Amino acid sequence: KNQVEQSPQSLIILEGKNCTLQCNYTVSPFSNLRWYKQDTGRGPVSLTIMTFSENTKSNGRYTATLDADTKQSSLHITASQLSDSASYICVVTPSGGYNKLIFGAGTRLAVHP
Amino acid sequence: SQTIHQWPATLVQPVGSPLSLECTVEGTSNPNLYWYRQAAGRGLQLLFYSVGIGQISSEVPQNLSASRPQDRQFILSSKKLLLSDSGFYLCAWSKGRTYNEQFFGPGTRLTVL
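Quick mapping for you: the protein sequence lines, in order, are chains F and B. For the first sequence, the numbering used here begins at 1 and goes up steadily by one. For the second sequence, the numbering used here begins at 1001 and goes up steadily by one.
Errors might be hidden in some of the hints.
What the hints assert, rightly or not - Here are the computed lysine to any residue pairs in the SDA-like style, where the Cα-Cα straight-line distance is at most 25 Å:
1. B/K1095 / F/K17
2. F/K17 / F/K1
3. B/K1080 / B/A1039
4. F/K100 / B/V1012
5. F/K100 / B/P1106
6. B/K1095 / F/F30
7. F/K100 / B/R1042
8. F/K71 / B/E1101
9. F/K71 / F/F52
10. F/K100 / B/E1059
11. B/K1095 / F/E54
12. F/K100 / B/Q1013
13. B/K1095 / F/N2
14. F/K100 / B/S1017
15. F/K1 / B/Q1073
16. F/K1 / B/R1042
17. F/K100 / B/N1032
18. F/K100 / B/V1015
19. B/K1095 / F/F52
Said to hold, decoys possible - From the structure, some residues in chain F lie toward chain B, with a derived Cβ separation under 7 Å:
20. T40
21. R42
22. P44
23. A68
24. K100
25. F103
Calculated from the structure, these hints are not laboratory results. None of these values were measured; they are calculated from a predicted model. Each residue gets a CB set at the ideal place from its N, CA and C atoms; glycine is no exception.
The task is simple: from the sequences and hints, build the whole structure.
What follows is the structure, encoded as structure tokens:
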């Protein structure tokens, strides 16, 4: 069964600190893996996308890594800001052109001053 | 540029009442359209998707239905709401095949009392 598991479920850090969010998936084969940021009460917004052949992708202070062998991805946030407080969702697209994405439950990050 | 609208933003309805949520996309043609429901602490659940006018695929058996009367309009409906229909409903669009990014609307918070 295709699944995406994220950890931790929630995380609290102080402003300015770094953090790393984890995503493990069983989707195989897959086309790409995305990280989305979802502010409370809003729709998700894409941060990064990686194909199965890519190892890392950056978007400002956000850096995503992908290990296709171990089926793990991480999202590293550098020098966190209060505006980083949100849910971060890992999404895997199975190969085959079907329209369904596989969503993780997300990690809720709170950045405190 | 493309934009996606959803309304209403919030809705409180009694059990047994009808439902109509609307989603419209601007700035693109022939988009794939999606309805998701997001429950607290869980990943997004795909409810319906549509690849064209009048073409609706249902992913989960339920008392909800979807319609696409126009190319860029997607409607989520119910004849009689259940308590379990409460949640955050997200509409999304993508261009072409599933490995293209899905862009999400702002969402509708539905509370059934």
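Are the Cα positions of F/K1 and B/Q1073 separated by 25 Å at most? Outside the cut-off at roughly 33 Å; violated.
Assess, step by step, whether the Cα of B/K1095 is no farther than 25 Å from the Cα of F/N2, and give holds or violated. 24 Å, holds
Does B/R1042 sit within 25 Å of F/K1, going by the straight-line distance between their CA atoms? Cα-Cα ~17 Å, so holds.
Hinted pair, alpha-carbon criterion (25 Å max): F/K100, B/Q1013. Please report holds or violated. 29 Å, violated
Has the given pair, F/K100 with B/P1106, been kept, meaning a C-alpha gap of at most 25 Å? 20 Å, holds
Could you grab the alpha-carbon distance between F/K71 and F/F52 and see if it respects the 25 Å cut-off? Since the Cα atoms of F/K71 and F/F52 sit roughly 10 Å apart, the hinted pair holds (cutoff 25 Å).
Does F/F52 sit within 25 Å of B/K1095, going by the straight-line distance between their CA atoms? Holds: B/K1095 and F/F52 sit about 21 Å apart, inside 25 Å.
Take the C-alpha atoms of B/K1095 and F/K17, compute the straight-line distance between them, and say whether it is at most 25 Å. Outside the cut-off at roughly 37 Å; violated.
Given the proposed pairing of F/K100 with B/R1042, does the C-alpha separation stay at or below 25 Å? Given pair F/K100, B/R1042 holds - Cα atoms ~16 Å apart, limit 25 Å.
Between F/K100 and B/N1032, is the straight-line Cα distance small enough, at 25 Å or below? OK: F/K100 and B/N1032 at ~11 Å, within 25 Å.
Holds or violated: the hint that F/P44 contacts chain B, with Cβ atoms closer than 7 Å. Nearest chain B Cβ about 5 Å off; hint holds.
F/K17 and F/K1: Cα distance at most 25 Å? 36 Å, violated
The structure is inconsistent with the numbered hints 1, 2, 4, 12, 14, 15, 18, 20 and 23, although it conforms to all the rest.
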